[in-house]
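Asks: Sequence:
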Amino acid sequence: MRQIITLLLCLWFSVGFAQRTKLTADRLFDGEEMKMNWGVVVEENRIVEVGPISQLGNADVELNYDGGTLMPGMIEGHSHVLLYPYNQMEWNDQVLKESRSLRAIRGAKMATKNLYAGFTTIRDLGSEGAGYADVAIKQSIEQGIIEGPRMLVAGRAIVATGSYGPKGFHPDFEVPLGAEPADGENLITVTRDQIGKGADFIKVYADYRWGPNKTAMPTFSVDELKLIVETAASSGRVVVAHAATAEGMRRATLAGVKTIEHGSEATDEVLQLMKERGVALCPTLAATHAVNQYLYGWDGKDP
Numbered sequence: 004m005r006q007i008i009t010l011l012l013c014l015w016f017s018v019g020f021a022q023r024t025k026l027t028a029d030r031l032f033d034g035e036e037m038k039m040n041w042g043v044v045v046e047e048n049r050i051v052e053v054g055p056i057s058q059l060g061n062a063d064v065e066l067n068y069d070g071g072t073l074m075p076g077m078i079e080g081h082s083h084v085l086l087y088p089y090n091q092m093e094w095n096d097q098v099l100k101e102s103r104s105l106r107a108i109r110g111a112k113m114a115t116k117n118l119y120a121g122f123t124t125i126r127d128l129g130s131e132g133a134g135y136a137d138v139a140i141k142q143s144i145e146q147g148i149i150e151g152p153r154m155l156v157a158g159r160a161i162v163a164t165g166s167y168g169p170k171g172f173h174p175d176f177e178v179p180l181g182a183e184p185a186d187g188e189n190l191i192t193v194t195r196d197q198i199g200k201g202a203d204f205i206k207v208y209a210d211y212r213w214g215p216n217k218t219a220m221p222t223f224s225v226d227e228l229k230l231i232v233e234t235a236a237s238s239g240r241v242v243v244a245h246a247a248t249a250e251g252m253r254r255a256t257l258a259g260v261k262t263i264e265h266g267s268e269a270t271d272e273v274l275q276l277m278k279e280r281g282v283a284l285c286p287t288l289a290a291t292h293a294v295n296q297y298l299y300g301w302d303g304k305d306p
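Mapped onto the working numbering, the consecutive letters of the sequence shown carry residue numbers 4 to 306.
One or more hints might be untrue.
20 Å max Cα-Cα, derived EDC-like pairs, lysine to aspartate or glutamate [stated by the list, open to error]:
#1 217 to 96
#2 170 to 188
#3 116 to 150
#4 112 to 63
#5 261 to 52
#6 170 to 101
#7 116 to 177
#8 25 to 52
#9 229 to 186
#10 229 to 196
#11 25 to 65
#12 38 to 69
#13 261 to 302
#14 112 to 79
#15 229 to 183
#16 217 to 93
#17 200 to 183
#18 278 to 250
#19 25 to 63
#20 200 to 233
#21 261 to 233
These aren't lab readings, by the way, just hints derived from the structure by calculation.
Using the sequences and the hints, build the whole thing.
Replies: Printed below as a string of structure tokens:
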């Protein structure tokens with residue numbers, strides 16, 4: 004019951020109250036500690052009062068949830084609503100065997116599930132072969148067609164030519180890719196095109212598993228990454244970088260990206276550089292946990 008109350012509140016906050024509404028429950032979690040017998044007053048989609056129930060002002064509507072807990076909506080920093088776990092279907096098969104229409108419909112359902120799990124904002128880090136379906140899902144939420152969280156989307160994402168998958172096919176056969184390849188000066192055009200098609204920020208793969216024996220190696224040079232960052236900045240947008248290797252992280256940081264995604268091979272030196280440049284790390288611990296089980300057979304127990 005407590006979970007249901009929290010989920011309903013997340014849904015209402017994402018839609019907004021038309022009137023001044025007071026919400027009360029046994030507890031309120033403010034992100035730091037649990038408060039007993041506290042509540043909030045909401046007007047449209049803004050909290051205008053928070054505190055002990057006895058000190059809150061009057062409201063047009065009062066909703067009380069005995070036994071329940073109020074909490075802020077959570078923010079998901081790195082999501083992919085257009086993908087599902089690789090123990091259900093491998094990434095290659097999702098990109099190659101499912102239509103963009105099917106993936107868009109499933110992605111819309113996943114967006115709604117995110118909201119009902121308590122996430123009122125999600126940052127979606129690339130459509131992975133589904134074009135701009137993430138932009139369409141975001142628009143369908145904004146237009147009230149489906150229920151979902153506020154979404155910040157990356158669109159197709161940018162990869163270096165030859166680095167990204169799916170791979171392993173006859174070289175004369177062009178397969179659909181999980182992101183948009185670009186290099187050199189063409190990075191300016193591709194960045195502008197993705198912005199024009201609805202990307203809220205630009206995602207770039209600063210490294211990928213394209214080295215010998217599929218080892219992760221850097222993709223773009225620092226100068227190439229700077230082209231992307233400078234082009235995005237002129238539109239008021241930031242760049243986020245997939246980077247697992249220390250060198251990929253270093254190049255992306257020097258180029259001026261806003262966040263590093265994953266960073267599993269970070270060194271003290273590169274983390275210090277990120278700190279000096281004001282670059283944040285999104286470590287995606289749940290993804291690392293899952294991939295080590297799905298792809299490498301980790302039992303989830305042994306280190």
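Asks: Going through the earlier hints one by one, which of them does the structure break, listed in rising order?
Replies: 2, 4, 5, 7 and 13
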